[in-house]
Every structure is written in structure tokens, then in C-alpha cells.
Amino acid sequence: MYELILLALILPIVTGALSLLQTRPAALRTVNLLGSTAVTGVLFTMIYRITQENVYSTEFFYVDHLSAVMLFVVALLTFTATLFSLPYMEKEVKDGSISELMLSRYYALFNLFSFAMISVLIVGNLGLMWVAVEGTTLASALLVAFYFNRDALEAAWKYVMICTVGICLALFGTIHSSQNHCYRPVSIQFLPSAVPAAVYPGFAG
Amino acid sequence: MELLTILLLLAAILQTRVSNLRLAINIVLVQSVIVAMACVIIGIQTHEVHMFIAALLTSAIKVGIIPFALYRLLPYLHEEREIVGREIVKANFSTFMTLLSIILSYGLISPNLPGVAVASTLPAAVSLTLIGLFFIMMRRQAVMQIIGLITMENGLYLFGLSITQGLPLIIEMGIFLDVLVAVVVLVILTYRLKLSLESTDTSLLKKLKG
Chain A
1 MYELILLALI LPIVTGALSL LQTRPAALRT VNLLGSTAVT GVLFTMIYRI TQENVYSTEF
61 FYVDHLSAVM LFVVALLTFT ATLFSLPYME KEVKDGSISE LMLSRYYALF NLFSFAMISV
121 LIVGNLGLMW VAVEGTTLAS ALLVAFYFNR DALEAAWKYV MICTVGICLA LFGTIHSSQN
181 HCYRPVSIQF LPSAVPAAVY PGFAG
Chain B
1 MELLTILLLL AAILQTRVSN LRLAINIVLV QSVIVAMACV IIGIQTHEVH MFIAALLTSA
61 IKVGIIPFAL YRLLPYLHEE REIVGREIVK ANFSTFMTLL SIILSYGLIS PNLPGVAVAS
121 TLPAAVSLTL IGLFFIMMRR QAVMQIIGLI TMENGLYLFG LSITQGLPLI IEMGIFLDVL
181 VAVVVLVILT YRLKLSLEST DTSLLKKLKG
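Protein sequences, first through last, are from chains A and B. For the first sequence, my numbering begins at 1 and goes up steadily by one. For the second sequence, my numbering begins at 1 and goes up steadily by one.
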């Protein structure tokens with residue numbers, strides 16, 4: 001299981017790095033098709049294994065059935081998005097909308113995005129999960145702004161601002177919940193002091 | 001520690017009156033320096049080495065790289081500034097909201113909470129986060145919105161400092177890395193906005209609406 005998790009994290013990075021080094025469109029397509037097929041295979045094997053052994057948890061990684069459901073979605077999306085990207089980006093290059101240099105950047109960012117999405121689902125720590133979620137936002141922000149024309153910039157600016165502010169507030173909650181010996185760091189004095197323990201189980205301590 | 005908190009809130013209030021971009025970056029730089037100093041003080045109080053590493057990271061990233069990137073951006077943005085004049089009511093409202101959030105945080109957060117490392121900075125941290133949020137909402141210049149985001153991050157960092165004895169180092173490093181990458185991405189976007197729209201006024205971005 002541990003090897004599978006490492007493989008699922010390393011494969012997108014390797015594919016992305018190879019895409020950055022390549023400039024020929026044919027080679028880029030082959031590398032990405034192979035890479036995403038391999039990632040999907042690894043993810044499906046991982047999902048199968050987790051249905052057998054229920055929960056896998058170490059210091060840094062945690063996979064359970066909920067992660068398996070989400071991993072299934074991610075695997076399916078990564079694979080089909082790669083299948084869709086190949087002819088689409090080829091057409092864009094042929095139309096002259098983007099250069100071949102931008103093509104390799106597209107595939108590198110695409111793989112970075114799938115790396116971030118996979119790592120959100122398998123890290124075993126809320127703080128690291130926050131880091132990975134922010135990573136998905138940043139990788140996809142550069143994909144949203146990919147053409148760097150007026151509309152793309154507007155969409156990317158709004159996307160980054162709204163997502164980053166939202167994720168900042170999520171960090172607020174993450175820090176709260178990480179303080180598990182004290183569920184009530186912010187006491188709101190206007191509330192009645194005797195809150196039923198059944199409503200807020202954490203308050204009982 | 002109390003003095004640092006007061007200086008931090010003073011800087012945040014000053015920030016709401018500023019329309020010059022360079023001055024605003026200077027103020028946020030001072031804010032980050034204060035946060036790094038708070039980190040060092042907590043490190044001295046609790047005798048934890050990892051607080052000093054965190055302080056070093058804060059000064060490297062929030063005092064070093066991020067302001068450097070913003071200063072590098074400024075020459076491309078000549079004659080860009082936050083519009084005052086018509087917006088003077090807005091600036092007053094922004095200051096009012098800042099003061100209101102400070103009063104509310106100090107009023108609602110009780111100072112003697114269990115399990116909090118440094119209780120005196122906790123309300124300041126919460127209000128700094130809110131101030132950053134209001135700053136992003138009130139300002140239209142792209143650089144000003146980036147500064148609001150950094151203010152928010154500073155507030156959150158101070159919140160983490162005061163409520164826990166510091167987060168685990170690997171998470172802290174991840175957070176710093178994310179903040180750094182976020183600001184770099186936003187600086188790239190601002191530069192491209194200037195190139196293609198000849199302005200970094202985000203109120204011009206109103207084509208895509210739900």
C-alpha cells in the first residue's frame with residue numbers, strides 16, 4: 001500500500017517534469033497518455049486494496065473508504081481530461097492560439113494539478129491537507145489564466161482571490177480543530193453558559 | 001508583547017488610509033517584521049527552537065521575498081494608485097469597519113481561556129484577519145488586494161502562534177510555501193493585467209458575472 005501511495009504521488013511529478021523537458025508535440029502526447037494511464041492504474045489498484053483492508057494509516061498518509069470514493073472520481077477525471085486534452089490542444093496549436101512552448105507548460109501544470117488533487121485525498125493530517133488544497137487552487141489558477149488574454153486574466157484573478165480568502169478562513173478552522181484538548185478557544189459571552197453537552201460533544205471536556 | 005500588538009493594530013489602521021502603493025507595501029513590511037518579532041519573543045518565553053526557525057522563515061519569506069516581488073512590480077505600475085476623492089467615504093467606512101472589528105474581537109474573546117499559549121495576542125490576531133478581509137473587499141487596486149491577503153495571512157499566523165505552541169514544522173513550512181506561491185502567482189497576474197488592460201484597477205474586471 002505504501003509503495004502504491006508513493007507511486008501515485010511520484011508518477012504525476014515525473015510526467016510533469018518530462019513534459020517540461022519535451023518540446024515535440026508527438027512526444028508530449030505519448031508521455032502524457034502513458035503517464036495518466038499509469039496514474040489511473042495505480043489509483044484503481046489502491047482503491048481495490050482499500051476495499052480489502054478498510055483503512056490504511058501511517059504518520060503521514062491516511063486512506064479510507066471516503067478517500068477511495070474521491071480517488072475514483074479523481075482517477076476518472078484525470079484520465080478523461082488527458083484523453084480530451086490531447087486532440088484539443090493539438091487543434092489549438094494548429095490554429096495558432098498557443099505556441100508549442102506553452103503546450104509543454106500546459107501539460108506540466110496539468111500534472112501538478114493532478115498531483116495536488118491526489119495528495120489532498122491521501123495525506124493523514126489536516127494541516128498538510130490544507131496545504132494540498134491550497135496547492136490545487138494555485139496550480140489550477142495558472143491553468144485558468146493560461147491564455148493570458150483579458151477574459152482569462154479576469155477569471156483567474158477572481159478565482160484566486162475568492163479561493164485563497166476562503167482557504168485562509170479554512171486554515172482558521174483547521175488551527176481551531178487541531179487544538180483538540182480545548183474545543184472552546186473562542187468563548188462567546190453572549191451565549192448562555194450552560195450549553196447542553198449533547199449538542200456540542202466537544203464542549204463537555 | 002503588548003507593545004508589539006498595539007503597533008500591529010496601529011499599522012493595520014494606518015493601512016486603511018493609504019492610497020500610495022509603495023507606502024502600503026512599506027506598512028505591510030513593518031507588519032511582517034512585527035509578526036516575526038512576536039515569534040522570536042514567544043520562542044524566548046517557551047524555549048522552543050522551532051519558534052526561532054519559524055521566525056527565520058517568516059522573515060525570509062514575508063519580510064524578504066514577498067516585498068521584494070511587490071517592489072519589483074512597482075516600476076511597471078507607475079501612476080497607479082488607489083483612487084481617493086470620490087472614494088473618501090469608502091476609506092472612512094473602511095477605517096470604521098477596522099475599528100469595529102478590533103472592538104468586537106477584544107469584546108467577544110475572553111482573555112483567560114484554557115489551553116491558549118499567549119492569550120494577549122489572540123484578539124489582535126482575529127481582528128487582523130478580519131481587517132485583511134475588509135481591506136480586500138474595499139480596495140480596487142490589484143496590489144492593494146494582494147496586501148490585504150498578506151495582512152490576512154499575518155493575522156492567521158499570529159492566531160496559530162497564540163493558540164498553539166506553534167504548528168508542527170512541516171505544516172508551517174507548507175503554509176509558508178503556499179503563501180509564497182500564492183503571492184508570486186498574484187504578482188504574475190497583476191503584471192499581465194497591466195500589460196493587457198493597461199490598468200490594475202480590478203473594478204474594470206466586470207465582464208464575467210454570474
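Worth flagging that the hints you see were computed from the coordinates, not collected in a lab. These figures come from a predicted structure and were not determined experimentally. Treat the hints with care, since some could be wrong.
Unchecked claim - Here are the simulated lysine-lysine pairs, DSSO-like style, with alpha carbons at most 30 Å apart:
id	chain 1	residue 1	chain 2	residue 2
1	B	206	B	90
2	B	194	B	206
3	A	91	B	207
4	B	207	A	94
5	B	194	B	207
6	B	90	B	209
7	B	194	B	209
8	A	94	B	194
9	B	90	B	207
10	B	90	A	91
11	B	194	B	90
12	B	209	A	158
13	B	194	A	158
14	A	158	A	91
15	A	91	B	209
16	B	207	A	158
17	B	90	A	94
Said to hold, decoys possible - Only some residues are given here: those of chain B computed to face chain A with a beta carbon under 8 Å:
id	residue
18	74
19	75
20	130
21	163
22	180
23	203
24	205
No residue lacks a Cβ here, since even glycine has one placed at the ideal position from N, Cα and C.
- Failing hints, ascending? 10, 17, 18, 19, 20, 22, 23
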